[in-house]
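I would like the entire structure built from these sequences, with the hints used as guidance.
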Amino acid sequence: MAPPAQSQRSPSPSQPSGKGEVSDLKMQLRQLAGSRAPGTDDTKRELFKKVISYMTIGIDVSSVFSEMVMCSATSDIVLKKMCYLYVGNYAKHNPDLALLTINFLQRDCKDEDPMIRGLALRSLCSLGVANLVEYLVGPLGNGLKDGNSYVRMVAAVGVLKLYHISPSTCVDADFPALLKHLMLKDKDAQVVANCLTSLQEIWTLEASKSEEAAREREALLSKPVIYYFLNRIKEFNEWAQCIVLELVSKYVPSDSDEIFDIMNLLEDRLQHANGAVVLSTIKVFLHMTLSMTDVHQQVYERIKAPLLTLVSSGSPEQSYAVLSHLHLLVMRAPFIFSSDYKHFYCQYNEPFYVKKLKLEMLTAVANESNTYEIVTELCEYVANVDIPMARESIRAVGKIALQQYDVNAIVDRLLQFLEMEKEHVTAETLVLVKDLLRKYPQWSHDCIAVVGNISSKNVQEPKAKAALIWMLGEYAQDMQDSPYILESLIENWDEEHSAEVRLHLLTAVMKCFLRRPPETQKALGAALAAGIADFHQDVHDRALFYYRLLQYDVTVAERIVNPPKQAVSVFADTQSSEIKDRIFDEFNSLSVVYQKPSYMFTDKEYRGPFAFSEELGNLSIGTEPADNVVAAQGVEANDKDLLLSTSEKEESQGYGNNGSAYNAPSYNASTTGASQSSLDLVSLDQPSAVHTTTSFAIDELLGLGMPAAPGPAPLPSALLLNAKATIDPNAFQQKWRQLPVSLSQDISIDPRGVAAMTNPQALPQHMQGHSIHCIASGGQAPNFKFFFFAQKAEESSVYLVECIINSSSCKVQLKIKADDQSTSQAFSELFQSALSKFVLP
Amino acid sequence: MPVAASAIYFLNLRGDVLINRLYRDDVGGNMVDAFRVHIMQTKELGTCPVRQIGGCSFFYMRISNVYIVIVVSSNANVACAFKFVVEAVTLFKSYFGGAFDEDAIRNNFVLIYELLDEIMDFGYPQNLSPEILKLYITQEGVRSPFSSKAADKPVPNATLQVTGAVGWRREGLVYKKNEVFLDIVESVNLLMSSKGSVLRCDVTGKILMKCFLSGMPDLKLGLNDKIGLEKESQLKSRPAKSGKTIELDDVTFHQCVNLTRFNSEKTVSFVPPDGEFELMKYRITEGVNLPFRVLPTIKELGRTRMEVNVKVKSVFGAKMFALGVVVKIPVPKQTAKTSFQVTSGRAKYNPSIDCLVWKIRKFPGQTEPTLSAEIELISTITEKKSWTRPPIQMEFQVPMFTASGLRVRFLKVWEKSGYNTVEWVRYITKAGSYEIRC
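Protein sequences appear in the order of chains R and S. Residue numbers for the first sequence follow my numbering, beginning at 1 and rising by one. Residue numbers for the second sequence follow my numbering, beginning at 842 and rising by one.
Be a bit skeptical, because a hint or two may be false.
Claimed, not checked - In silico EDC-like pairs for lysine to aspartate or glutamate, Cα to Cα no more than 20 Å straight-line:
(1) S:Lys-1271 to R:Glu-350
(2) R:Lys-234 to S:Asp-1059
(3) R:Lys-49 to S:Glu-1119
(4) R:Lys-342 to S:Glu-1088
(5) S:Lys-1140 to R:Glu-380
(6) S:Lys-1169 to R:Asp-386
(7) S:Lys-1061 to R:Asp-268
(8) R:Lys-50 to S:Asp-857
(9) S:Lys-884 to R:Glu-350
(10) R:Lys-234 to S:Glu-1119
(11) S:Lys-1036 to R:Glu-373
(12) R:Lys-50 to S:Asp-944
(13) R:Lys-50 to S:Glu-943
(14) R:Lys-180 to R:Glu-212
(15) S:Lys-884 to R:Asp-386
Said to hold, decoys possible - Label pairs and their computed distance ranges (CB to CB):
(16) R:Arg-232 to S:Pro-1240: 41 to 47 Å
(17) R:Arg-232 to S:Asn-1104: 15 to 21 Å
(18) R:Thr-376 to S:Phe-1181: 28 to 34 Å
These aren't lab readings, by the way, just hints derived from the structure by calculation. Glycine residues also receive a C-beta, built at the ideal position from the N, C-alpha and C atoms.
In structure tokens form, the structure reads like this:
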């Protein structure tokens, strides 16, 4: 076992600073070691307590190891336990000293007291030192055959510990076979349970190496073994029952009679006081009946009551764990729960994470009969003081509106929200009204009447502003003031920080112009001028594109910008059904809580550049949320939000990806003159097409496919980077050591960019937009240190960068190492230009 | 497929480590730092009890002034982990005698390490039952029950109990006076709309039992629940007695209850553990008797004045009374001055929670005291949005009343020595989340 973390912070005054006290302790322990005077044990106990408490708070007390071992010759069981704990903590890092303990542990393993035998055996197996495994085999073998069940119980887990230290020793000693024998024969249920857990782990890990182990693992799921466990299930304690039930849930019964037999046998487990047992039982029921549709429905009905009880009892954390599972089931079969909607009403004091799940469930179970009540209840939450809650509630109302046929009343409610005159409510509602109009254009008259009354000054959030602007453009002919509102917005172009809003503004003013040319002409001119001068690449390109389009032919522009639109019938579901099924397969585990299958959060390649790498110096961890990384790697469905919010996200992601796909050539473009930038624009439609099909914002760009575009000119010697490059931290470290520094430079950067350094996530995210990925980062103001890597597109050649930024002097030190040294200069330019664009949005 | 915990930490609110137990070395030693940096010191704290950092997942729970954190590196069973923490805390409490907080942990850390060693091995939960653990981990911890000096004790028998084959009760208990105490504790949850209609209402109840019985007694509990009574009358082939019966939506039992017999005969029969335990839990949604009705009228008179009238009606029997009734009536943040009139109890304005707090120590049944208050507000220009009214909340305890109407019909005790037992039954109804919108 690893020693506890060294406390990084300076110890508080109340805590001992370490050194002096530890050497004091050492002295005192040494004096006591040989003493046989009465009362020695009490003094020892005090000293041991001190050692353990130092160890807990992170002071290194490994220096007293030998004294501790010398003092351990005692009959006092508490002293022994403290000593075992100490030894277990430090042995791994002091293998030589650990050898000292072997002797007394082995002796204790033969003690006549079964308690001491068990404890000694447990500690012996916990040492975790590879050179000492030979000393483990004997005591473990004896332990498994011990007459006392306590010792056998410890030994069963001990085998697993041994396996983790040295698989071959464990297998060679034939321990798995012994465990199997014990599992099927032992009288004591806890021994059986521990054998089962150990065997499951061992054979699962071993299965990739040996066919026999794979066969043994299958054998655990054979009928006789499963029945053996089922028959003894009541002997097990609650925790062991969970393990057995987990095993049973993987068993495939041969026919339906068998399924019913098992379910009858287990039905009373649904009444168990331990929620974990109930959930495990539910898993068995659900999985066994998957192929029997009718019975599966009945199972849902049967498990409803126990689940609802579990939700309403226990701490918020427990009910959250259960709610996540209920959430999964509700999403799979909303109609079964539609009459129970009242259970999903939120209580005022519940934590937000519980409320959020409840809102999603309320949304899912809404149908013709209960929509009115549910929406009424949701409206109560909108008035809630808690802003995130109010937002979620509005989204929920919107989602219900999008899935129901009878939206009339709901639209009225939504429009009432706009009259509440609260900024966050208005903002959230605008986004929803926009989505609603895309699906139900027939409501446009009612909606725009209200939307028209909203002063654009009261809308500050980019998303909401973009939605408002979209409506201004889309319904320009119905909204009297549309051109003038747009005009005033364009006047404040420079104060508009969000590129998304500026993009929407361009498009809206374009649409407006095509419908009401005389009124909009001035605004359009101003917008195009501002857009072309814009420093944001996308905005610049779009403005230029519109400009040329209008120059070329206004009717074509009309066709592209204002094509007749079809109402969206269904918004894309973000999670594929395959992924949902995988989550369902992993019922009763973390997957359900995270709402993604386990491979997404346990496999290394999905977790991204985030590892506790000790070798990369004292860098803290690249704090990138895993979601982002997953998205960048093209795994869709990482998102738990359904429908609306994600359609938003996809959209912005679409932009992001566009950006990275054509950023590299665009550097070229700036040198070869503006004439080429239109070419770039055309060449970009291919990578973006996938993302843009569902997002309205770029719908007009879709037209790009239609005119026969001249084939994109081959761009000379542009360095293209792979946007999805991955590298694992170990490989990075290895490469960093191997490669020579091919380029070392000091540069200065824009102070505005430095200001953004206060948020350490911003830079890695920004660079990722340029296909340069952060693998580790750290440091404190004014010095920050980052490690980046990038990969050439269609080549495996990589670039590694160490980047030290001093935020007070705005200086950057770059060290670049590259597989292909000839291109490192080009890469450096790319890197610097990407870095120079790093300014807070 | 391991579902095991890799480490358990106990931290205080500042983030100092109180207890640190690593079970597996598949996570680094700096996990606790990761927790501090990424959860405790960020806004994340309290937003979600399950969080992924790197390859590890953190489950954390705050209990009084302590965070208990479980770290896992695989796709673990969340419900099981939280239940484990809750059970472990119960266990610690039963050792410390009540409180579980930072001080208790600091004073007992050796004991906690001892217990952590026993209740979890290599990350898998073992035995957490206090009755069994107390057999061999004693508070003083001086002697193990099978220490070599007491070799005359029947060792195999004792350890058989340790590993749970006998389970929750050991043999050979003797009490001079055989007594059983039953406590039926219910909490009513209510959500009422401003128009006085019940939006949501349920009762979660539990039956707590304290047993001081000799030998291996067999107990049978009869309740006035519908299914049980019907079954009984079927078995005895005579019509069910008239009288109120109630329908339990869902029941869960302590592991000592024979569930097979419950399902076939609908009787609750069991061999109880010694001492205190929770026999069963139930939930009821139909036919709940609400002990209190609250009728609020809140008028906003212009921008700076409000009038609040609240009438609370007790609808239980006139001979009964409620204790510790507290009504919390929310008022706007910018409240400047308040004046009250109450017909019973005391009221005051508590600015820290923005509520008028009305306390009535003893509240007899079938009465309806009122509170009327005038509130003056500081007029503000920025606060143009109307005030969102949080719900009125109530706390109370009503002894000898059950909101569900549940009654214990009988409690029978059989023991082979045939001693007499004394049974005590108490009922109490408490407020769960009792909210009335206004």
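Each hint tested on the structure:
The hinted pair formed by S:Lys-1271 and R:Glu-350 meets the criterion: a straight-line CA distance of about 18 Å does not exceed 20 Å. With a C-alpha separation of about 18 Å, the suggested pairing of R:Lys-234 with S:Asp-1059 holds against the 20 Å cut-off. For the given pair, R:Lys-49 sits about 35 Å from S:Glu-1119 by alpha-carbon distance, which is inconsistent with the 20 Å threshold. Our distance criterion of 20 Å between C-alpha atoms is met by R:Lys-342 and S:Glu-1088, whose separation comes to about 19 Å.
With a CA separation close to 19 Å, the supplied pair S:Lys-1140 and R:Glu-380 stays within the 20 Å bound. For the hint pairing S:Lys-1169 with R:Asp-386, the CA-to-CA distance comes to about 19 Å; that is within 20 Å, so the pair holds. A C-alpha spacing of about 18 Å is found between S:Lys-1061 and R:Asp-268, which places the hinted pair at or below 20 Å, so the restraint holds. This hinted pair checks out: R:Lys-50 and S:Asp-857 have alpha carbons roughly 17 Å apart, not beyond 20 Å.
For the given pair, S:Lys-884 sits about 18 Å from R:Glu-350 by alpha-carbon distance, which is consistent with the 20 Å threshold. Proximity of R:Lys-234 to S:Glu-1119 is assessed by CA-CA distance (about 19 Å); at most 20 Å being required, the pair is judged to hold. Restraint check for S:Lys-1036 and R:Glu-373: the C-alpha separation of about 14 Å stays at or below 20 Å, so the hint holds. Of the pairs offered as hints, the one joining R:Lys-50 and S:Asp-944 holds, with about 16 Å between alpha carbons and a cut-off of 20 Å not exceeded.
Simply put, R:Lys-50 and S:Glu-943 have alpha-carbon atoms about 17 Å apart, close enough for the 20 Å limit, and the pair holds. A C-alpha spacing of about 14 Å is found between R:Lys-180 and R:Glu-212, which places the hinted pair at or below 20 Å, so the restraint holds. Pair hint S:Lys-884 plus R:Asp-386 holds up; C-alpha atoms about 15 Å apart against a cutoff of 20 Å. For R:Arg-232 and S:Pro-1240, the Cβ-Cβ distance of about 44 Å falls inside the hinted range of 41 to 47 Å, so the restraint holds.
The supplied range of 15 to 21 Å is met by R:Arg-232 and S:Asn-1104, whose beta-carbon atoms lie about 19 Å from each other. The hinted range of 28 to 34 Å is satisfied by R:Thr-376 and S:Phe-1181, whose Cβ atoms lie roughly 33 Å apart.
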